[in-house]
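K.L.:
Residue-level listing of the chains:
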Amino acid sequence: MSIDYSEKIPNNVDLAGDRKLQRALESWQPNFLNWWKTMGPAVPTEDVYLRTAVDVGKEGWAQFGHVAMEEYRWGVFLAERGDDRRIAFGEQKGEAAWQQVPGEYRADLQRLIVIQGDTEPASVEQQRRLGETAPSLYDLRNLFQVNVEEGRHLWAMVYLLHAFFGRNGREEAEALLHRNSGDLDSPRILGAFNEETPDWLSFFMFTYFTDRDGKYQLGTLKESAFDPLSRTCEFMLKEEAHHMFVGTTGIDRVVTRTCELMREHDTDEIAPHGGVPLDVIQKYVNFHYSVSLDLFGSEQSTNAANYFTAGLKGRWQEERRKDDHVLTEDSAKIDLVRDGVVTQDEVPALLALNSDLRNEYVKDCQSGLKRWNRILEKAGFDQRLYLPHVGFNRHVGLFSDHYVTPAGDLVGKDTWEAKEDCWLPSEGDKVHVQSLMRPVYEPGKIASWIAPPTNGINGKPFEYEYVHLA
Amino acid sequence: MTEETGTIDAAGTTAPSGSAEHTEETPAVSFDADPATYRHWTLDTSGSAETGVAYLRLDIDETGGIVPGYELKMNSYDLGVDIELYDATQRLRFEHPEVRTVVVTSAKDKNFCAGANIRMLAQSSHPWKVNFCKFTNETRNGIEDATANSGQTYLAAVNGTAAGGGYELALACEQILLIDDNSSAVSLPEVPLLGVLPGTGGLTRVIDKRKVRKDRADVFATTSEGMRGKRAVEWKLVDEVVPKRAWDETVAERAATAAAGSSRPADASGVALTPLQREETADGITYEHVKATFDRDRGLVEITVLGPDGGVPESCARVHELGADFWPLAMTRELDDLILRLRANELELGTWLIRTQGDVEDALAFERVIEQHSKDDWLVNEIRHYFKRVLKRLDVTSRSLIALIEPGSCFAGALLELAFACDRQYMLDGTLDEDDSEQGDEAQIMLSASNFGTFPMSNGISRLGSRFYGDDDHVAKLRQETDRRIEAREALELGLVTDAPDDIDWEDEIRIMLEERASLSPDALTGMEANHRFVGPETMESRIFSRLTAWQNWIFVRPNASGPEGALRKYGTGRKAEFDRRRV
Ligand SMILES: [Fe+2]
Ligand SMILES: [Fe+2]
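Residue numbers (numbering that gives the first Met the number 0), protein chains in the order written: chain U, 0 to 469; chain P, 0 to 583.
Just so you know, the hints here were simulated from the structure itself, not pulled from any lab data. Treat the hints with care, since some could be wrong.
[To be verified] Pulled from the structure, derived: some chain P residues nowhere near chain U, Cβ distances all over 10 Å:
1) Ala106
2) His125
3) Ala245
4) Ala323
5) Gln479
6) Pro500
7) Ile511
8) Glu514
9) Glu515
10) Ala517
11) Ser518
12) Ala523
[To be verified] Cβ-Cβ distance ranges computed for the label pairs, FRET-style:
13) P/Asp294 to U/Thr37: 47 to 53 Å
14) P/Arg582 to U/Arg337: 38 to 44 Å
15) U/Thr301 to P/Lys213: 29 to 35 Å
Just so you know, even glycine gets a beta-carbon here, dropped at the ideal spot from N, CA and C.
Let's have the full structure, built from the sequences with the hints guiding it.
P.N.:
What follows is the structure in structure tokens.
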């Protein structure tokens, strides 16, 4: 049987010349398609205007066109790099990057790849039913774009497992399709990926905050001494940027519409008028931000230290950092609660790497808040959105045993729980947001609770028929 | 194991300071020896054609230490002495079918043997001590094996003080005669004097073999001067005490009695153990049938055992004619030598990859000769037991042993035992070179009768019996699978191999597995492997390795023995050891 691999599976990893990979993918691909059909987008479509990665060059790495989603060409791409890449940090700093998995780190690398790989299909599963309530065809298309690309990210991780981890890797690749978000018997690995994304506001929040966590995780793996992982992640980051764009502009448009309704009805209470009140937006921010912070793991972590020292996982923009990149002598400050106050503690820098990454993430998150507040400002409102304190609503790490308010005050359990509905989406808020979720499938039309985008996709207008429903 | 304080010369009174890790300076050890050039023993077979008795006399050359730094006073020994002893025991078995009793005695007045030299122990690195003890243990087990399986009974004629390792050497013999001169005693003074154990089987053999009551054993092993005379007999520490004047006569008599019951052949002539042809380079050792290539970067050695190349002897007479050139004997000798050298000289090659190469049918044809004649031919019997002992050496080797079963290999019957001795077995499913190979070229293994008890481990059961311990049904099932080619997948199903990656996976799987192994703690691996290899019942032999040696090796690294204030270091300085009094 001869298959034209480059046609069926766009790639730059010489799939056509690699028997090992062919065999592995041949048995995995049908299972993937099967997973896509049962766990992928629930709304039946004929075709969707999608971007497909077809190359790695700076220009024209992607093609746009209407494709039937199950015929989407999920490809395998590694960013192009010179062959002389050196390890930038840790014990083996300065040595040549690894083109093969060193046996010593097989288990750790495999674990890191499996965890990353597990999040990719998880979000597709979480967003499975969202298409049924899309506010516009444009948004529906964006959802599907994110979904197929998360599918491709799964492919990217599976490629690594297949190409470098032998039989063990093949088994793990198989297991990535067998765990399912929210499945009681075999859930996804990370807790946050087992919650359904119930509405579009959550979807935008997820792509803003949780995909951004993904960006930072990929950023650390991009530094990895294991070169194929590094190059894979670099390429994935290109696509990830679009997912965050969907989140950022999505929330832009919700805030814009909220302002319009507040102005129109001269009240903050715009719920009865078919909008999302500003305080509900804030509660959604609080929730998604705090849950995403949990994804960084405990502030103080020996695992992260070991990964760094071994060269498996670096820091955000490792090579731009101005230190020795070994960190055995350095210290860092981490946030924690001591003697009943939120304070900081100095610990060895190696142990504070999760906290370091999280701090970078927090800075990045601020940019969205600035954008949305500018919209409020321009619309002439005094209210502002904000990021809650890093200790708020945490279930992982040093704050997980404490009750911290969004303002950063330490309070008792009772006080916190009494105020919970003011800080996190209440049942009533969720019911209200859910009530706004009505599909709008007519080209050029948009739901009441969100403003239309300022631009379409790839130069196409908003009215363009991005999706042909079946 | 003792050395009078007064006998240590002035230059030697300062115990070496620091941790005495001499690893780098330790010269490479050779295990070659020849009776004509023994420095420490005389092997006297002059009367054996007539009497069936040989005399092995210990006469240690004080200045003949294998490494510098100590004098071998009072018939105390080091590794070099034991290398000669091992050589003598091998030659007695192969070159001297006429010898039915071996009398082990001393050529020195008043000193039978003072055991391992203390100054040598005090200056030796931990690996050196452990290797030395392992080898001496194996040699003593070999002595018992000769008594049990070769009709060659060892008799200790203790004509002077036998202390520590000296008494342990006597314990390895079938009978112990002690001269009654009012001063010669047998003793195990390690605990009271040196703060270590009589680790060459002493503690174990006293209770297990000599059946000394445990309270008496306790008294004995804490009494530095030991026991002599009637009490030594009463406590079963020796079989007989013999007055000085009747000594030679009685020894000869007891030796003759032992010889009378022997199964050794009449009128047979021995087979000369000719010097091994060996080519050594920095990267390996090559023999005629065994090849070892070192990969220092990866910390491993690739060992290939070459199977026979045709020439199956058509008769037993031909086997005798071939002698040391008979493939099973030649290969076994080479493998033995290689194991010893790698263990002593290549500490950092922590993984041994074991392959075979050759024709499965030829290998089995040779084995059939052994199978058929090991009961009726003394030489064939010796070869079988020798291969058994070499396999046992592998079993107690502190290296990760990995068998790679690839196309062109001949893991069949006896050679398959090499794979079963390994910690893991990987068998290639298919062939590596698609274009050049034909069907039938796939890797195969073959079980034969010899996998079911011909080569028992020290726990008394076969390697298959150990592998499937508690599952006799499976072993019985495997018996039905003998003498046919078994390919990778089936071997995996039958539990005969750990994994059977196919050609696409093979290289990566093996590489990753080896790298992963190489990254683990060598100490933890040694401990883990030693635990996994010996399942089920214990025997005296297995207890010596699994219990006595393990305890000894622990004590060796404890400050109470080896620290600057430890007993081993303070011995002979006139000062007392300072102990950490906490019981651990
Ligand atoms: Fe992703
Ligand atoms: Fe994403």
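K.L.:
Does each hint fit the structure? Answer for all of them.
P.N.:
Going down the list of hints, with the structure as the test:
no. : hint                             : result
1   : Ala106                           : holds (54 Å)
2   : His125                           : holds (25 Å)
3   : Ala245                           : holds (67 Å)
4   : Ala323                           : holds (41 Å)
5   : Gln479                           : holds (30 Å)
6   : Pro500                           : violated (7 Å)
7   : Ile511                           : violated (4 Å)
8   : Glu514                           : violated (2 Å)
9   : Glu515                           : violated (4 Å)
10  : Ala517                           : violated (7 Å)
11  : Ser518                           : violated (3 Å)
12  : Ala523                           : holds (15 Å)
13  : P/Asp294 to U/Thr37: 47 to 53 Å  : holds (49 Å)
14  : P/Arg582 to U/Arg337: 38 to 44 Å : holds (41 Å)
15  : U/Thr301 to P/Lys213: 29 to 35 Å : violated (47 Å)
In this structure, the hints that do not hold are numbers 6, 7, 8, 9, 10, 11 and 15, in rising order.
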